Amino acid sequence: MTLLDRSLRDQAAAIAAGEADAGELLDATLERIGERNPELNAVVETFPERSREMLAAAPQGPLHGVPVVIKDEWPLPWRAQRFGAAEMLAPSAPGESGPYRALRDAGATIVGIGNMHELGSGSTGNVSFYGPAHNPWDLERCPGGSSSGPAAAVAARLVAGAVGADGVGSIRYPAAYCGLTGLKPTFGRSAMDGHHMAAYSTTIVSGPLCLDAADCRLLGSVLCGEELAAGEAGGVRIGVIRDPVSEDVEPAVREACAQAIETLREATGGEIVEIELADLEASALAAVLIANTEGMNGLTPERLNHLDPELSPLGRGLLKYRMLLPAAASTKAAQVRALMRQRVAAVFERVDVIAWPTVPAVAPPLEAPLVELPSGTLTADLANVRSGALANLTGIPAISVPVGLSDGLPIGLQLQAAWGRDELLLDAAEALERGNDRQAVEALPPPAQAADAAGA
Amino acid sequence: MEAANRADDFIPAGLASLGVEADEIELAVIGAAHAMFWPAILDLFALDVDGVVPEPRPDLSQAPPR
Numbered sequence: 165m166t167l168l169d170r171s172l173r174d175q176a177a178a179i180a181a182g183e184a185d186a187g188e189l190l191d192a193t194l195e196r197i198g199e200r201n202p203e204l205n206a207v208v209e210t211f212p213e214r215s216r217e218m219l220a221a222a223p224q225g226p227l228h229g230v231p232v233v234i235k236d237e238w239p240l241p242w243r244a245q246r247f248g249a250a251e252m253l254a255p256s257a258p259g260e261s262g263p264y265r266a267l268r269d270a271g272a273t274i275v276g277i278g279n280m281h282e283l284g285s286g287s288t289g290n291v292s293f294y295g296p297a298h299n300p301w302d303l304e305r306c307p308g309g310s311s312s313g314p315a316a317a318v319a320a321r322l323v324a325g326a327v328g329a330d331g332v333g334s335i336r337y338p339a340a341y342c343g344l345t346g347l348k349p350t351f352g353r354s355a356m357d358g359h360h361m362a363a364y365s366t367t368i369v370s371g372p373l374c375l376d377a378a379d380c381r382l383l384g385s386v387l388c389g390e391e392l393a394a395g396e397a398g399g400v401r402i403g404v405i406r407d408p409v410s411e412d413v414e415p416a417v418r419e420a421c422a423q424a425i426e427t428l429r430e431a432t433g434g435e436i437v438e439i440e441l442a443d444l445e446a447s448a449l450a451a452v453l454i455a456n457t458e459g460m461n462g463l464t465p466e467r468l469n470h471l472d473p474e475l476s477p478l479g480r481g482l483l484k485y486r487m488l489l490p491a492a493a494s495t496k497a498a499q500v501r502a503l504m505r506q507r508v509a510a511v512f513e514r515v516d517v518i519a520w521p522t523v524p525a526v527a528p529p530l531e532a533p534l535v536e537l538p539s540g541t542l543t544a545d546l547a548n549v550r551s552g553a554l555a556n557l558t559g560i561p562a563i564s565v566p567v568g569l570s571d572g573l574p575i576g577l578q579l580q581a582a583w584g585r586d587e588l589l590l591d592a593a594e595a596l597e598r599g600n601d602r603q604a605v606e607a608l609p610p611p612a613q614a615a616d617a618a619g620a
Numbered sequence: 246m247e248a249a250n251r252a253d254d255f256i257p258a259g260l261a262s263l264g265v266e267a268d269e270i271e272l273a274v275i276g277a278a279h280a281m282f283w284p285a286i287l288d289l290f291a292l293d294v295d296g297v298v299p300e301p302r303p304d305l306s307q308a309p310p311r
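Going down the list, the sequences are from chains E and G.
In case it helps, my numbering puts the first sequence at residues 165 to 620.
In case it helps, my numbering puts the second sequence at residues 246 to 311.
These aren't lab readings, by the way, just hints derived from the structure by calculation.
Careful, some of the hints might be misleading.
Said to hold, decoys possible - Derived CB-CB ranges, DEER-like: (1) E/Asp407 x G/Ala291: 12 to 20 Å; (2) G/Ala291 x E/Ala221: 51 to 59 Å; (3) E/Arg401 x G/Ala273: 41 to 49 Å.
Said to hold, decoys possible - If the Cβ cut is set under 7 Å, some of the chain E residues that face chain G in the computed set are: (4) Thr166; (5) Pro241; (6) Trp242; (7) Leu449; (8) Leu463; (9) Pro465; (10) Leu468; (11) Leu475; (12) Arg480; (13) Gly559; (14) Trp583.
Said to hold, decoys possible - Short, incomplete list of chain E residues facing chain G, as computed with Cβ under 10 Å: (15) Arg353; (16) Ala363; (17) Thr366; (18) Glu445; (19) Ala450; (20) Leu453; (21) Gly481; (22) Met487; (23) Val500; (24) Arg505.
Computed from a prediction, not measured in an experiment: that's the story for all the values here.
Note that the Cβ used here is the ideal one computed from N, Cα and C, for glycine as well.
Produce the entire structure from the sequences given, and follow the hints as far as they go.
Given below as structure tokens:
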């Protein structure tokens with residue numbers, strides 16, 4: 165196994181110990197991106213000279229010399245974000261965003277820009293100004309969104325870690341589809357400044373997508389500007405919900421997640437507690453309404469009538485539809501948010517984590533992102549938001565952990581915890597990994613295996 | 246369904262009243278989005294949250310005040 169295929173922490177440790185040369189690792193990373201990325205479209209831009217300048221100036225931080233990818237949602241000093249779109253509604257310009265500064269100060273080397281779902285408005289990654297990103301497990305499948313490129317880049321071992329953003333599940337969905345661990349930190353805990361919606365978004369956070377929980381801890385600590393200290397997850401009380409919506413999940417996903425929950429219980433000496441959390445569908449809609457309303461800054465009829473023609477028809481239509489959303493629904497959404505925050509707080513007096521599938525089905529085809537659930541055929545977006553939105557609506561942290569495969573495609577279990585208990589999520593995820601003998605986190609997607617077998 | 250059918254009037258009228266133009270493809274997208282979201286929005290309106298006071302400036306990094 166080359167250093168490129170190793171974890172983020174192994175790469176950092178090897179460089180810190182003088183066992184690996186950061187310049188050689190950077191060159192090898194760029195070479196691998198050149199080899200593997202054309203079929204993935206995970207990385208939409210590299211800038212080798214900028215990367216080398218970053219490396220030359222890198223301090224001896226926890227990620228000294230380690231290559232990472234950052235989503236097209238954050239400005240860099242040499243590049244404005246495009247938000248995966250031909251046109252953004254908000255002004256954008258090159259600059260030092262919070263995640264950029266965090267990575268720079270940690271000594272990391274940004275090697276490329278990760279593709280993303282256009283305007284961050286989808287959970288699949290099949291629509292982008294740059295063209296769709298592809299899932300390394302099956303190139304005809306969605307990598308998830310909106311942090312599609314960061315996830316595909318890590319899953320294909322282009323880099324060991326990437327920075328995404330999560331407004332309504334946008335780190336966790338691609339983590340699940342690509343077999344990665346992805347952390348949505350507690351709202352406000354991770355670096356957000358420089359994001360074009362930082363001043364008014366109440367759902368978006370930055371967060372890590374990595375091979376496993378320990379790497380998420382490392383990169384997450386960098387993004388949060390504080391150590392997400394490791395502990396021992398013991399006696400974890402795992403809340404599970406049994407209602408028609410929560411159980412409207414592909415049988416293989418349900419089985420793998422149920423097994424993983426049992427594994428987590430055994431690994432931590434914990435217990436499984438049945439809980440009730442009513443109105444999850446309403447909370448999902450509330451989160452979508454809030455995120456869409458907050459994203460309306462800059463929307464005017466005049467602007468909408470002169471959208472860049474390269475913006476996708478889907479993007480143009482959805483932007484215009486936002487204008488028709490009733491204001492009263494936003495008020496109702498705010499009430500639902502208050503209600504769900506109270507309910508979730510009450511639940512976390514009884515349990516430490518809430519567990520359910522990150523997404524109800526494995527990655528759907530790029531061409532038609534539909535999923536078959538017991539209740540029938542749904543768009544992946546509609547199905548996914550039911551699982552992902554609660555954390556954004558309420559502000560709580562959440563993590564997606566790979567727990568198995570179905571027909572060769574990854575399955576993710578989501579764990580959610582109370583505000584500020586990001587560390588517990590990481591501890592629990594590590595306990596689950598150990599309980600599974602790390603089989604799920606060490607599984608490789610077929611293209612990488614094929615490339616390795618060919619000696620690439 | 247009835248509500249979705251009313252979209253035939255609501256969408257063009259709503260866009261026209263705002264002065265927003267849309268071509269056929271965009272109208273199809275808007276129609277699909279409307280069919281997907283509107284029933285849920287109506288359900289949201291029907292949800293009994295009387296007495297629930299929205300947090301004026303919620304601190305989403307913490308649990309809500311009791």
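Now for the hints, and whether the structure bears them out:
1. The hinted window of 12 to 20 Å between aspartate 407 of chain E and alanine 291 of chain G holds, with their beta carbons roughly 18 Å apart.
2. A beta carbon spacing of about 58 Å between alanine 291 of chain G and alanine 221 of chain E agrees with the range 51 to 59 Å that was offered as a hint.
3. As the Cβ distance of arginine 401 of chain E to alanine 273 of chain G is approximately 48 Å, the hint placing it in 41 to 49 Å holds.
4. This hint is violated: threonine 166 of chain E has a C-beta 40 Å from the nearest C-beta of chain G, more than the 7 Å allowed.
5. With its C-beta approaching chain G no nearer than about 28 Å, proline 241 of chain E sits outside the 7 Å limit, and its interface hint is violated.
6. Annotation: tryptophan 242 of chain E was flagged as interfacial toward chain G, and the flag is violated, the nearest CB pair being 31 Å apart, outside 7 Å.
7. Interface restraint check for leucine 449 of chain E: the shortest CB-CB distance to chain G comes to about 5 Å, inside 7 Å, so the restraint holds.
8. The beta carbon of leucine 463 of chain E comes no nearer than 10 Å to any beta carbon in chain G, farther than 7 Å, and the hint placing it at the interface is violated.
9. For the restraint placing proline 465 of chain E at the interface with chain G, the shortest Cβ-Cβ distance is roughly 4 Å, inside the 7 Å limit, so the hint holds.
10. This hint holds: leucine 468 of chain E has a C-beta 5 Å from the nearest C-beta of chain G, less than the 7 Å allowed.
11. Given hint, leucine 475 of chain E at the interface with chain G, is violated; its Cβ is 10 Å from that chain's nearest Cβ, farther than 7 Å.
12. Hint status for arginine 480 of chain E: holds, given a least beta-carbon distance of 5 Å to chain G, under 7 Å.
13. Interface hint at glycine 559 of chain E: satisfied, since its Cβ lies 3 Å from the closest Cβ of chain G, which is below the 7 Å cut-off.
14. Satisfaction of the interface hint for tryptophan 583 of chain E is found here, the shortest Cβ-Cβ separation to chain G being roughly 5 Å, below the 7 Å cut-off.
15. Because the beta carbon of arginine 353 of chain E sits about 6 Å from the nearest beta carbon in chain G, less than 10 Å, this interface hint is met.
16. Annotation: alanine 363 of chain E was flagged as interfacial toward chain G, and the flag is violated, the nearest CB pair being 13 Å apart, outside 10 Å.
17. The interface hint given for threonine 366 of chain E is met, as the beta carbon of that residue sits about 6 Å from the closest beta carbon of chain G, less than 10 Å.
18. Here the hint on glutamate 445 of chain E is kept, as its CB sits about 7 Å from the closest CB of chain G, short of 10 Å.
19. Proximity of alanine 450 of chain E to chain G holds as hinted, the smallest CB-CB distance being about 7 Å (cut-off 10 Å).
20. For leucine 453 of chain E, the interface hint holds, the least distance from its beta-carbon to any beta-carbon of chain G being 8 Å, beneath 10 Å.
21. The beta carbon of glycine 481 of chain E comes within 3 Å of a beta carbon in chain G, closer than 10 Å, and the hint placing it at the interface holds.
22. Hint status for methionine 487 of chain E: holds, given a least beta-carbon distance of 6 Å to chain G, under 10 Å.
23. At its closest, the beta carbon of valine 500 of chain E sits 6 Å from a beta carbon of chain G; the interface hint therefore holds under the 10 Å criterion.
24. The beta carbon of arginine 505 of chain E is positioned within 10 Å of a beta carbon in chain G (closest approach about 4 Å), and the interface hint is therefore held.
Consistency with the previously given hints fails for numbers 4, 5, 6, 8, 11, 16, ordered from lowest to highest.
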